[in-house]
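Protein sequences appear in the order of chains H and A.
Numbering-wise (this note's numbering), the first sequence opens with residue 1 and increments by one.
Numbering-wise (this note's numbering), the second sequence opens with residue 1 and increments by one.
Note that these hints are calculated values from the structure, not bench results.
Just so you know, even glycine gets a beta-carbon here, dropped at the ideal spot from N, CA and C.
Among the hints, a few may not be true.
Said to hold, decoys possible - The calculated label-pair distances, taken between Cβ atoms and stated as ranges, are:
| # | chain 1 | residue 1 | chain 2 | residue 2 | range |
| --- | --- | --- | --- | --- | --- |
| 1 | H | R63 | A | D16 | 24 to 30 Å |
| 2 | H | D70 | A | K59 | 23 to 29 Å |
| 3 | A | K59 | H | S26 | 19 to 25 Å |
| 4 | A | D73 | H | A13 | 47 to 53 Å |
| 5 | A | Y27 | H | Q16 | 34 to 40 Å |
| 6 | H | L41 | A | V11 | 22 to 28 Å |
| 7 | H | A52 | A | V2 | 35 to 41 Å |
| 8 | A | G66 | H | L41 | 30 to 36 Å |
| 9 | H | S69 | A | Y27 | 32 to 38 Å |
| 10 | A | T74 | H | G99 | 24 to 30 Å |
| 11 | H | G59 | A | Q43 | 20 to 26 Å |
| 12 | A | V11 | H | D32 | 39 to 45 Å |
Unchecked claim - Calculated from the model, a selection of chain A residues having no Cβ within reach of chain H, i.e. all distances over 10 Å:
| # | residue |
| --- | --- |
| 13 | A9 |
| 14 | K13 |
| 15 | P14 |
| 16 | N52 |
| 17 | S61 |
| 18 | T74 |
| 19 | T91 |
| 20 | T97 |
| 21 | V118 |
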Amino acid sequence: QSVLTQPPSVSGAPGQRVTISCSGSSSNLGADYDVQWYRQLRGTAPKVLIYANTHRPSGIPDRFSGSRSDTSASLAITGLLAEDEADYYCQSYDSSLSGSWVFGGGTKLTVL
Amino acid sequence: QVQLVQSGAEVKKPGDSVTVSCRASGYSFPDYPLHWVRQMPGQKFEWMGWINVANGHTKYSQNFQGRVAILRDTSARTAYLDLSSLTSEDTAVYYCTRGLCDTCYGGDYWGQGTLVTVSS
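Bound conformation, chain H alone:
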């Protein structure tokens, strides 16, 4: 069981907007630690989409945006494309047990 909680799956039609939620607790998101979002295609390494809650690395289109509030965070994807079909993971830091990175269990995005 992952420390951060994500829905197992979301779906949307091309052109639509979808959001993926990430829920934590007082020792991670509630303690104001930054959230990162990664996309992973099957058999490849994760790729960062959002870092420090809301920032996009260069090369990531503005169709991807991040937000957070208290013990939760969200990734929004607008103008869905077929190529967005992938697994998405949130990640942060947890101050319990001497501190460590923690991850969500991942959300499979299906483009209908």
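Dock chain A against chain H, hints included.
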């Protein structure tokens, strides 16, 4: 461009040790920390630890205390993950990732992953 290139797949027996390497290029190696993360079958990620490449300071997850070591060779621009006393539960893909910064909690560039299979 920034690249992290990891060593190839390994097959080990229970009780063995494994070393995975991660060679960095395209940036100033000492300026960024390197973390190791593994992905279990079923996709769950688990952070293992990190190394401050400049001074060699390390911190490990409590889940691996006593059987993990992270080292670096700055002249070779390479970091290493050593994991000992392997069991079947250590079967996973192991990734190195460059930390966003020394005090940040995420990675920007990732290696391609190294599959470690532990089987008798």
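For each hint, the structure was consulted:
no. : hint                        : result
1   : H/R63 <-> A/D16: 24 to 30 Å : 45 Å, violated
2   : H/D70 <-> A/K59: 23 to 29 Å : 28 Å, holds
3   : A/K59 <-> H/S26: 19 to 25 Å : 22 Å, holds
4   : A/D73 <-> H/A13: 47 to 53 Å : 50 Å, holds
5   : A/Y27 <-> H/Q16: 34 to 40 Å : 38 Å, holds
6   : H/L41 <-> A/V11: 22 to 28 Å : 25 Å, holds
7   : H/A52 <-> A/V2: 35 to 41 Å  : 18 Å, violated
8   : A/G66 <-> H/L41: 30 to 36 Å : 35 Å, holds
9   : H/S69 <-> A/Y27: 32 to 38 Å : 34 Å, holds
10  : A/T74 <-> H/G99: 24 to 30 Å : 25 Å, holds
11  : H/G59 <-> A/Q43: 20 to 26 Å : 25 Å, holds
12  : A/V11 <-> H/D32: 39 to 45 Å : 43 Å, holds
13  : A9                          : 13 Å, holds
14  : K13                         : 25 Å, holds
15  : P14                         : 25 Å, holds
16  : N52                         : 15 Å, holds
17  : S61                         : 5 Å, violated
18  : T74                         : 24 Å, holds
19  : T91                         : 16 Å, holds
20  : T97                         : 8 Å, violated
21  : V118                        : 20 Å, holds
Going down the numbered hints, you'll see the structure goes against 1, 7, 17, 20, while the others check out.
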